[in-house]
Amino acid sequence: MASEVLLPTSPAEAASAFGDGSGVTVVAGGTIALPDITHGRMHPARVLMLARSGLDRIERSGGAVTIGAATPVAALVDGDEPLASAAAHVGDDEIRGQATVGGNLCASAGETPRGDLQAPLIALGARVRSAGAGGERVESLEDFLAADSSRLVLDVTYDDTPRSAGYAAAWRPHAHHYTILAVAAVREGGETRVAVTGGGPTGRRCPSVEAALAGGASTRDAAATVLDDVDPADDALASAWYRRRVLPGLVQKALDSLAG
Amino acid sequence: MKLNVNGVEHALESGALTPLLHVLREELGVTSPKAGCQSGGCGACTVLVDGEPRRSCLTPLGAVDGAEVTTIEGIGDAHDLHPVQEAFHTLHAAQCGFCTPGMIVATVALLKRLPQPGRREIERALSGHICRCTGYVKIVEAVEAAAGGSR
Amino acid sequence: MRAVGARVEKVDGIGHVTGQTTFVDDWRIPGMLWAKVLRSPHDHAAITKLDVAPALAVPGVRAVITHEDVPKNVLGHLEGLGVPADEPLLAESDVRWKGQPIAVVAADSEEAALAGVAAIGVSFEERPALLDVRLAFEADAPKAHHWGNWFPHFGGPDTPPDHRKIRKGDIDAAFEQADAIVQGVYRPNAIEQMPVEPQVCACVPESNGRLTIHSCTQGVYFTMGIVAGHLGVPLNRLKFIAGTVGGGFGGKVESWTEPVVALLALKTGKPVKLRFTREEEFLCTSTRAPWHIEIADAVTSDGWILGRKMLTLHDAGAYARFSPYGVTKHSFHIAGSYAIPNIHFDGYVVFTNRTPTSAMRGFGVTSVSWTIETQMSRIASVLGLDPYEVRLRNASRIGDTTPNWVTLHDPSSVPVIQAAAEAAGVELTADYRTMTRDPRSGDLLPEWLEGQLGDLDAKES
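First to last, the sequence lines map onto chains A, B and C.
Take 2 as the starting number for the first sequence in our numbering and just add one per residue.
Take 65 as the starting number for the second sequence in our numbering and just add one per residue.
Take 21 as the starting number for the third sequence in our numbering and just add one per residue.
If you are wondering where the hints come from, they were derived from the structure by calculation, not from laboratory data.
Careful: at least some of the hints might be erroneous.
[To be verified] Dumping the calculated DSBU-like pairs for lysine-lysine here, alpha-carbon to alpha-carbon at most 35 Å: (1) C:LYS69 to C:LYS329; (2) C:LYS69 to C:LYS92; (3) C:LYS290 to C:LYS163; (4) C:LYS30 to B:LYS202; (5) C:LYS92 to C:LYS329; (6) B:LYS176 to B:LYS202; (7) B:LYS202 to C:LYS290; (8) C:LYS30 to B:LYS176; (9) B:LYS66 to C:LYS287; (10) C:LYS92 to C:LYS259.
[Unchecked claim] Calculated Cβ distances over 10 Å to all of chain B for the following chain C residues: (11) LYS30; (12) GLY33; (13) GLY39; (14) GLN40; (15) GLY141.
[Stated by the list, open to error] With beta-carbon atoms standing in for the labels, derived distance ranges: (16) B:GLU91 to C:GLU442: 38 to 46 Å; (17) C:THR68 to B:GLU73: 54 to 62 Å; (18) C:ALA77 to A:SER62: 56 to 64 Å; (19) B:ARG183 to C:THR68: 33 to 41 Å; (20) C:PHE157 to A:GLU5: 54 to 62 Å; (21) C:PHE242 to B:VAL201: 26 to 34 Å; (22) A:ALA237 to B:GLU73: 23 to 31 Å; (23) A:ASP37 to C:ALA77: 48 to 56 Å; (24) B:VAL201 to C:ASP160: 48 to 56 Å.
We put the beta carbon where it would ideally sit given N, CA and C, even for glycine.
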């Protein structure tokens with residue numbers, strides 16, 4: 002019954018220990034995996050722990066910001082927007098200190114969507130570097146999420162460039178509730194990217210909103226098109242009806258907070 | 065694996081995936097961190113790991129091998145109460161007492177980081193700690209008093 | 021009264037703030053086994069197979085108990101209050117709610133106990149489930165309980181066996197005189213007590229034949245009686261160490277872990293502990309009941325409530341537990357803090373295939389208090405009147421009687437509502453600001469009520 006535990010001490014070791022990922026359960030911060038193991042809902046044969054992998058760094062160089070997969074969410078709270086606001090919206094102090102960026106990107110939708118950092122990173126145009134079958138790979142976060150493959154996230158990168166950012170979230174009844182709805186928007190140069198948490202099982206980009214903005218629509222009219230971009234579900238925190246009802250207003254709020 | 069718990073070094077037999085909460089309670093007999101939910105949702109198991117508040121139920125031992133762990137036993141005892149403990153006691157911020165060790169440990173970490181927190185900051189720092197008896201009013205008052213006392 | 025207004029040191033405070041208070045889970049007991057529970061995955065089903073042999077083959081498993089191991093499996097916890105026994109400690113031929121306990125495994129570790137539970141061979145034949153009290157009275161409703169879909173054992177003078185019934189005054193006259201009828205349907209939902217300490221119990225079999233039971237029960241002597249009853253042993257075989265409770269709020273009168281752990285300790289001859297997970301706390305322990313309450317109030321345009329018709333369906337879940345007692349209490353409080361001279365009330369304890377409901381902080385009363393205050397605001401809103409004034413107009417005064425004919429000698433409704441208005445910064449008009457709780461007279465006594473309040477207190481023959 003006891004699991005084999007691998008504790009790599011470098012990113013390369015982590016990638017090699019992960020191999021093609023078959024039969025490997027990754028534990029980074031442990032906030033999702035540990036309760037499942039404790040309560041007997043999960044019996045992992047091999048566990049790859051990232052605590053000592055050296056993947057917990059944030060580097061700003063060469064015109065890019067790179068965030069290691071094992072970086073705790075707390076390390077983002079004072080960083081770039083809209084990631085900082087989204088990070089502050091995750092759990093509480095202790096959870097943020099422990100939960101990681103990689104865990105957040107790989108968190109499957111449980112009973113409710115729980116990858117709060119996905120939408121702001123999509124809005125930032127982030128790329129994911131991952132290891133697994135076929136070796137290392139770099140792809141956009143949207144492609145990574147869409148592929149739904151079992152890969153080990155090594156880090157995530159976005160351009161270090163001037164931008165205006167907006168973030169709006171629905172009120173959480175309690176610090177331990179997952180986010181019901183959140184909207185992240187980024188304007189870089191002439192381009193605006195918008196993404197949503199709570200519009201589906203993972204963070205989603207909103208091409209209709211972006212196209213409407215590019216076509217000169219008002220933020221109100223552009224925000225209304227978000228319903229074409231999402232497919233929210235009923236869960237214990239909110240109904241799909243509620244999410245569809247509230248989302249356009251949040252999108253508009255995020256867009257209105259962007260500078261000219 | 066090893067841990068320094070409240071200043072004492074321990075060599076441990078528990079496996080790398082064992083939650084720190086289990087190591088403290090079952091292997092070392094340190095029972096102040098409570099198994100309130102074992103899912104990270106109640107705050108009653110909170111301890112300091114290298115000075116930072118952590119949910120011990122979510123922390124696998126392998127991730128903190130060699131760390132310094134402080135539980136409320138390492139903060140103060142009946143003969144030498146820490147100002148936070150004193151404030152919780154005199155202002156009746158502990159009713160049944162089950163959430164209290166986690167509350168106090170998190171408060172000590174908060175005051176170290178932010179010696180004069182405002183009400184909003186206190187509420188935010190304790191937002192993951194559930195109390196079902198006192199309703200938080202007295203707890204927040206105790207934290208304010210402890211911060212005032214340490215001025 | 022030396023303590024009133026004085027700051028008194030809390031007797032167990034130092035232990036709490038230093039983490040040294042010993043809660044049940046904190047007792048270190050050498051050689052202790054851990055227990056885990058096999059529960060029903062279905063709302064309603066027949067148990068077609070139960071084979072514990074595979075569990076006993078799991079390494080570390082020391083014992084498994086089922087209903088066959090319980091000397092008195094079906095024991096009434098509230099028989100003293102006229103609620104006959106209906107609920108098994110461990111399920112026998114059927115399960116009636118998702119989470120109902122079927123078997124309990126004791127093993128050397130929690131992991132081994134969980135593996136033992138998973139190894140038990142159990143099969144079910146699912147039955148239709150009743151999950152909504154509103155459907156309980158339909159002819160083709162699933163049968164949730166062997167007594168039928170509502171509690172049939174009330175009885176007593178002026179009370180039919182199958183519900184609580186109150187007929188006071190002349191309800192038809194009240195509705196004829198009314199300027200308006202204000203109706204409302206209220207459905208206060210279930211609430212989990214959620215003490216931060218989950219239910220936990222440890223039992224140590226002593227060499228003198230006694231059982232030492234570390235329990236977080238809220239009612240030590242109540243729980244002792246339950247354990248003695250299920251085990252069929254005299255009270256002097258049981259030594260309870262209790263009193264330190266990490267929050268209870270009604271949930272810890274449940275007294276289920278204690279007899280189960282005692283039976284496992286007897287069977288294994290070793291100390292055994294059972295600690296609920298948070299998931300079990302939420303899904304498998306009693307909650308405050310959900311209620312379905314329909315009200316029709318006959319009111320005058322100036323805000324007098326002349327009469328109230330009320331139907332209550334109390335969702336007991338799968339077994340009676342404390343629900344009949346809750347509905348009896350509820351029936352006394354259906355007018356809240358107000359004097360309503362004419363009352364027509366029917367209240368049913370309805371069985372469904374939901375988690376049984378039971379005690380929580382003023383159960384039977386709190387839910388109806390919320391309902392009534394919401395209804396009072398609705399009356400004010402419908403009539404276009406001030407909600408404080410509607411409340412004060414109808415507030416109980418000295419000499420008024422409750423729905424169950426208790427005369428009020430010391431009612432505090434008037435000063436409390438006045439204080440609430442003041443705290444909320446609401447200016448009352450002079451009449452209401454100076455109103456007292458003295459018996460009604462003068463302008464605040466409606467003509468139709470004059471001289472009648474006492475006379476209306478006769479029971480319908």
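For each hint, the structure was consulted:
1. C:LYS69 to C:LYS329: This hinted pair is violated, its Cα atoms lying about 48 Å apart.
2. C:LYS69 to C:LYS92: holds, 22 Å
3. C:LYS290 to C:LYS163: violated, 41 Å
4. C:LYS30 to B:LYS202: Within the cut-off at roughly 14 Å; holds.
5. C:LYS92 to C:LYS329: violated, 43 Å
6. B:LYS176 to B:LYS202: holds, 21 Å
7. B:LYS202 to C:LYS290: violated, 43 Å
8. C:LYS30 to B:LYS176: holds, 27 Å
9. B:LYS66 to C:LYS287: Between B:LYS66 and C:LYS287 the Cα gap is close to 38 Å, so the pair fails against 35 Å, i.e. violated.
10. C:LYS92 to C:LYS259: With a Cα-Cα distance of about 20 Å, the restraint between C:LYS92 and C:LYS259 holds, given a limit of 35 Å.
11. LYS30: Non-interface label fails for C:LYS30: nearest chain B Cβ at 6 Å, not farther than 10 Å.
12. GLY33: violated, 5 Å
13. GLY39: Per Cβ check, C:GLY39 is inside 10 Å of chain B; nearest 3 Å; violated.
14. GLN40: Not fine: 7 Å to the nearest Cβ puts C:GLN40 too close to chain B.
15. GLY141: holds, 28 Å
16. B:GLU91 to C:GLU442: 38 to 46 Å: violated, 58 Å
17. C:THR68 to B:GLU73: 54 to 62 Å: holds, 56 Å
18. C:ALA77 to A:SER62: 56 to 64 Å: holds, 60 Å
19. B:ARG183 to C:THR68: 33 to 41 Å: violated, 59 Å
20. C:PHE157 to A:GLU5: 54 to 62 Å: Given a distance of about 58 Å, which is inside 54 to 62 Å, the answer is holds.
21. C:PHE242 to B:VAL201: 26 to 34 Å: Given about 32 Å between the Cβ atoms, the range holds.
22. A:ALA237 to B:GLU73: 23 to 31 Å: Cβ of A:ALA237 to Cβ of B:GLU73: about 44 Å, so the range 23 to 31 Å is violated.
23. A:ASP37 to C:ALA77: 48 to 56 Å: Violated, at about 26 Å.
24. B:VAL201 to C:ASP160: 48 to 56 Å: Between B:VAL201 and C:ASP160, where Cβ atoms are some 51 Å apart, the hint holds.
Comparing the model with each numbered hint stated earlier shows that hints 1, 3, 5, 7, 9, 11, 12, 13, 14, 16, 19, 22, 23 do not hold.
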